[in-house]
Amino acid sequence: MEATQIRIQDLNVWYGSQHILRNINAAIPARGITAIIGPSGCGKTTLLRSINRLLEETEGMRVSGQVLLGGVDIYRPGADVTAVRTRIGLLAPKPFPLPMSIYENVAYGPRIHGWHSGHLYEIVQRNLEAAGLWDEVKDRLRTPASRLSTGQQQRLCLARALAVEPQVLLCDEPTSALDPISAQGVESQLQRLKQDHTVVVVTHILRQARRLADNVMFMWLGELVEEGTAVQLFTSPNDPRTKAYLAGSIG
Amino acid sequence: MKQHRRRRLEERFFLVLMVFSTVTVLGSLFLILYTIIRRGMPALSVDMLTKVPKGGYYLGKEGGILNAIVGSLYLAGGGTLIALVLSLPIALYLHSHARHSRVVHVTRLALDVLWGVPSIVYGAFGFIILLALGMRASLLGGIIALALLELPIMTRGMDEAIAMIPDALKEASYALGATHLETAVKVILRQSAPALLTAVLLAFGRGIGDAASVLFTAGYTDRLPDSLLSPAASLPLAIFFQLGTPFPAVQQRAYASALVLTVIVLALSIAARYFAKRLTRNVVK
Ligand SMILES: Nc1ncnc2c1ncn2[C@@H]1O[C@H](COP(=O)(O)OP(=O)(O)OP(=O)(O)O)[C@@H](O)[C@H]1O
Ligand SMILES: [Mg+2]
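First to last, the protein sequences are chains A and B. Each residue of the first sequence is one higher than the last, beginning at 192 in my numbering. Each residue of the second sequence is one higher than the last, beginning at 203 in my numbering.
Honestly, the hints are just simulated from the structure, not real lab data. Just so you know, not all the hints are guaranteed correct.
Partial pick of chain B residues on the chain A-facing surface, computed with a CB cut under 10 Å [as the list claims (entries may be wrong)]:
(1) His299
(2) Arg301
(3) His302
(4) Ser375
(5) Leu378
(6) Ala380
(7) Gln393
(8) Val485
Note that the structure is a prediction, hence the values are computed from the model and not measured. Where is the CB? At the ideal position from N, CA and C, for every residue including glycine.
Using the sequences plus the hints, can you model the full thing?
And the structure:
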């Protein structure tokens, strides 16, 4: 039995009067990859963004309930939002490099957290390697990040997220903007990262979920319908909605 | 078939309209430049640029407009600097967490109203304040009046520039544990830097070309300004006074002064473009 890294308790999210997430209760195990699947608009992105408190940057979003990281509620009064986001990284569906060089993009996080000492270059190199981008950019670290291809940008965003040494990495459709080869690259990086990180991946691609996931959460209209190990959920789903979704999408 | 014809005619019509508008703008600019160069060039001399008016200058005798050139640079430079120091925080505030609050809406409305206030009103307002403080027309008074005149232009320009930044870019920074302030300074300012520079330049151009706001507040003098509290001359007023004389030779100097003013603004625009281009290097599209 693996230790639980993140426990979500009675999580509700409203946008104005729209009830976007309803009574979510879930446990995300430490290490390994947890995939969140479900039809478009069911609240996958919203759930992901509530796990690193990015949701509150959207005006009008109201959150209630608890998200426990290692037993401590990240929504407790007085919790340091920046510390939460440093421990729980997020990879967005579309890569957004920061308006600076490749090197500065990766160094950005370590710099703002004051880890800027002599070994910043090593930090940059290590994380670009971890994201599988180092060989392609090592000779042009000082060029603007916006000149990279989309696939390279997405891996840069991964390196940038890793550079602040998060325990948890949330990925929102991390390959949706990528060609199959780049996508495969990102997938294999995630496979490696799961050895010592807790990875949560939102995906529309069921085959990707099957390839990557150790655990799966299935969402439907703002509810968490079912969660379980990948084997259990894909081979013998309990809920009829899960069955229908898996069957329908395969066909 | 008819549909096809109609759409082609529409295309034609809008093309003609666009060309016409562009030609009108370029044509006016060319005409203005042509006029001030043709009339001003003969009067332009080294003396014009390097000397202050001597006795009888306004009758066509010796001297130059160095007092107005230096005065204008001080006035507009100082006004732009103060406006910049105030504009940047206001513009950032308009896009902070309070961005949908009442205060923000009212601030934006106030800026738009201030933009429309005629510059003579800034001048009169500045003059009343000077009187109340027991001061006389001075470089400082002019700088403050110009800062007020430039503030709404600069702030709204920056406001629009920052509004263009996608939320996802800011969130990329927040997601790394950056605070709002860190994100503002390191991401928002960098991303919008070229457009911010344009806003500053527009405000400077408005400031250096304005006569009415400095008329009562900075006054006019034939001497170079030697302190913040002494009066200062300016190019727009120099043009105004020289044009107002009955002597053709002096009127010609008015055109030369206009030429100097135009060249200053043009040189700054070109420099700003150059820097904006370098700043665009890192901007994410
Ligand atoms: N910024 C927002 N403003 C208003 N409503 C929002 C916002 N973001 C999400 N919603 C609403 O919340 C619900 C869930 O959206 P969410 O983006 O979480 O879905 P999703 O499962 O990620 O969908 P997709 O698979 O298409 O990305 C939707 O009904 C959506 O309209
Ligand atoms: Mg989504």
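To see whether the hints hold, each was checked on the structure:
The interface hint given for His299(B) holds, since its Cβ lies 8 Å from the closest Cβ of chain A, which is under the 10 Å cut-off. Here the hint on Arg301(B) is kept, as its CB sits about 7 Å from the closest CB of chain A, short of 10 Å. A cut of 10 Å between beta carbons decides the hint on His302(B): the least distance to chain A is about 6 Å, and the hint holds. Satisfaction of the interface hint for Ser375(B) is found here, the shortest Cβ-Cβ separation to chain A being roughly 7 Å, below the 10 Å cut-off.
Annotation: interface hint on Leu378(B) holds; nearest CB of chain A at approximately 4 Å, less than 10 Å. Contact between Ala380(B) and chain A, as hinted, is supported at the beta carbon level, the nearest pair being about 5 Å apart and thus within 10 Å. Hint status for Gln393(B) relative to chain A: holds, with the closest Cβ pair at about 4 Å, below 10 Å. With 10 Å as the threshold, the beta carbon of Val485(B) comes within range of chain A, its nearest partner Cβ sitting at about 5 Å, so the hint holds.
Hint compliance for this structure: every hint is met.
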